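Peer 1: Taken in order, these protein sequences are the chains called A and B.
So in my numbering, spot 41 of the first sequence is number 41, and the numbers just go up one at a time.
Going from the second sequence to my numbering is simple: count from 1 and add 325.
Take these hints with a grain of salt, some might be off.
[Claimed, not checked] To give an idea of the interface, some chain A residues facing chain B are shown, with a C-beta separation under 10 Å as derived from the structure:
| no. | residue |
| --- | --- |
| 1 | 135 |
| 2 | 189 |
| 3 | 244 |
| 4 | 245 |
| 5 | 270 |
| 6 | 294 |
| 7 | 296 |
| 8 | 297 |
| 9 | 298 |
Derived from the structure by calculation, the hints contain no laboratory data.
Quick caveat: nothing in here was measured; it's all calculated off a predicted structure.
Every residue, glycine too, gets a C-beta built ideally from N, C-alpha and C.
Letter by letter, the chains look like this.
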Amino acid sequence: MNGEKKTSLLKLENVTKIFKLGGLFGSKLIAVNQINFELKGDQPEIVSIVGESGSGKTTLARMILGLIEPTHGRIIFKGKDVTTIKNRHEKLIFRKEVQPIFQNPFEAFNPLKKVESYLFETAKNLLKGSKEEILERVERAVEAVGMKFSEISGRYPNEFSGGQLQRLAIARALITQPSLLVADEPVSMVDASLRMSILNLFKKLNEKMRVSIIYITHDLATAYYMSYRIVIMFRGVVIEMGPSDLVLLEPFHPYTKLLLESIPKPDPEKRWKSKIKLSDTEIREYGMIGCKFVNRCPYTMEKCRKTEPPLFQRDDRFVRCFLYE
Amino acid sequence: MKKAITIKNLRAYYILQNSGNKKIVRAVDDVSLDIYEGEILGIAGESGCGKTTLLKVLYGLLNPPLFVKSGEIIYHDVGGTEVDILKLPVSEKRSMLYWKHISYIPQASMNVLNPLLKVKKQFLKVLKTHYKDRKKGQLLEMAAEHAKNLGLPSDILDSYPHQLSGGMRQRVTIAIATLFTPKIIFADEPTTALDVVVQRGVMQILKDLQSIYKNTIVLVSHDIAVHAEITDRLGIMYAGKLVELGPTLSLFRSPLHPYTRFLIESLPQIGEKKTKMSVPGVPPSLINLPSGCRFHPRCPFKSEICSEEEPPFVEVREGHFVACFRTTKEEDYL
C-alpha cells in the first residue's frame, strides 16, 4: 500500500440518460437514472448487469460504449472522462480499449461479404500497421475464440451457425486487444446447445487475456454462472447490487425476489405452487415519483409512494428499498 | 387415455427452386406421434429442428414452399368423426376445425393486434364471425367473462394495444385465440422474447385455460425450463426427427438420448458454479443431413452403426421412447 488509490478501469458517476418524447413540450423519459458503479483496474472481472426489457440496461451499455452521450454524469475510463472527448485521436484510443459485442450475430455480418471482411474492416479502422501485421492480429484473434483463420476465410455468413458467427464477432472485438468488452445479450440468439460454449469462452478470455467484461442480460441463471458481481436494474435505476452469491441466493429487494421466483426451473418436481399478480401498468411505472415497484410490492409503505428510496448499504451490497434503511 | 390427434409417418419438406437448382429442406422427416386429450404436450428443440414446421402442418397451414410429402394427421372426434386434416380443402378446414376445434397461436403473436382498435373491438370482431345473430351487449359480456376467467385485468378491454406491454398483448392474443374454447390449442413459442415475470404470467394463463376447459395444448418452445414447468409430456426434436418422447418427469429424471442429456445438463442454475459444457459441434443443415443417426457427428458415444443406420424409435420405458442405438442396446443388457 503506497497510499495512492488505484485508478479504476471504468467508473460511472451519476450517469443519467433522459429521452425527450414528443414535440416542443413533450414529456421526458428517464431511461437511466443516476448510475454509480465501478470496475476495478487491477483485477479484470466479469460484472453482470441484469434487467428486464425497459430497465435501461441497453441504454447504459450504449453510453459506456460511447455510442450515445449521457444527459448528466461522467463516465471515466482509466482516469479520463470519456463523455467529453472531442478529439478524433483520443476517441480512436477509447474505441480500441472498449469493444462491443451485440445480440444478433446474423445482423452484425454483411450477408454479401465474406466473414473475414468484417474483421479486416475493424483492424484497418483501428490499427496502424502493414498488411502482414494486420493479418497476424486477425489470425490471432480468430484463434483466441477457438477457430482457425484458414477455416473461415473465403466463406460467407450463411455458411456458419449462430454460435460460430457469435464467436467470430467476439474475435472481431478482440483484434484491438481491448481491456473491456461490453456484451449486450450475447447468447440470446444462439442455439441452446451452443450457448454455454460462448459463455465459457468469455470466462476464458477474462482469465487468460485479462479482459474485463460487462455482461448484460435478462437471464439471472447465466448471470450467476458468469460473474461474481451483479447489478440488478429496474426502470432505469439500480435496485440491488453486490456479490452474486448474496444477491441471487439471499435477495433483499422484493423485485429481485420476484425475478428469482419467476425463473422456470429445469426440474418438473419444483413447479410453481402460487400465482403472481399480473400488471398492465408496466409503462406507467417510469413516471412514478417514489419507488417504481410500489404497485407490485407486497410490503409497500406510505413513504415508498412519496420518495424514491436511496441505495442503502448492507455489508458488501447495496439495495434500494426502505425495508433495509 | 383418449387420443386427440394421431400423426403417422409425417414428412413435410420445403422445396426451394432457385434458377433450376432444386433444394429440399427436410424440416419434418418421418415423425409419428399420438397426442392425447387433455394433455399439455411440449415440443423442444433448437432453431431449425423442424418444431415450428410440425406445428404448422398440424394446423394444416400448407403454403408453398412447404409441402407434405407423405403421412397422415388424423383428428379423432371432430364432432364425432375422424378427419385427416391433410386431405381437407381450406374451406372445410375453416368451417369444421378452425377456432372452434383447433386454435393456433403463432410466434410473436403479440404483434398481431390491430393498433387502431380497442381490445374490446378485436374481441367482438372474432366473436361476430361465429355468433352472427347475437347482440353486441351479449357478445361484450362473453368477452368480459372470458377475460376474467383468464385472470386479465378488467380495464384491459378498453385499452388500445400500444397501452399494453408485450406480455399483456401476448395474453390478450391467447384470450382471443381461445374465445370459442377450442379443444386443441397449438402455441408456438408463446413465452419467447418476454421478460421472466411476464413469461410466468403467460404460462399461468395457459395453465388456467387448461384447468378450466380441459383442452389439449401442444406447446413448442426452445426453452427446456418452460417445458419442465408446464408440460405433461415432452418430445425432443433434432434435425427434423423426433429423437425422444416421454413423460416430462421421466425425461428430466433419466434422459435417454445423449442430445437430451446435454440440453438438460448444460442449463446453468443459480447456486451452482460448476462449468457447464455445450453440445460439441454444430447443428446440421436440413438440406445436407448426415447419414444414419443425425446426431452422430456430435455424439461422444457414437459407434460404427450410428453413421450407417438410422436408429429406430422404440419404447424403452412405459411411454418413454427414444431413437438411439446406445440406449436401446444398454436396455437389452439389463
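Peer 1: Would you mind marking each hint as holding or not holding in the structure?
Peer 2: Here is what the structure says about each hint:
For residue 135 of chain A, the interface hint is violated, since its Cβ never comes within 10 Å of a Cβ in chain B; the closest pair sits about 26 Å apart. A cut of 10 Å between beta carbons decides the hint on residue 189 of chain A: the least distance to chain B is about 9 Å, and the hint holds. Because the closest C-beta pair between residue 244 of chain A and chain B is about 9 Å apart, less than 10 Å, the hint holds. The criterion of a C-beta within 10 Å of any C-beta in chain B is met by residue 245 of chain A, whose closest approach is roughly 8 Å, and the hint holds.
Annotation: residue 270 of chain A was flagged as interfacial toward chain B, and the flag holds, the nearest CB pair being 8 Å apart, inside 10 Å. The interface hint given for residue 294 of chain A is violated, since its Cβ lies 16 Å from the closest Cβ of chain B, which is over the 10 Å cut-off. Because the closest C-beta pair between residue 296 of chain A and chain B is about 9 Å apart, less than 10 Å, the hint holds. Violation of the interface hint for residue 297 of chain A is found here, the shortest Cβ-Cβ separation to chain B being roughly 13 Å, above the 10 Å cut-off.
With a least beta-carbon distance of about 14 Å to chain B, the hint placing residue 298 of chain A at the interface is violated under the 10 Å criterion.
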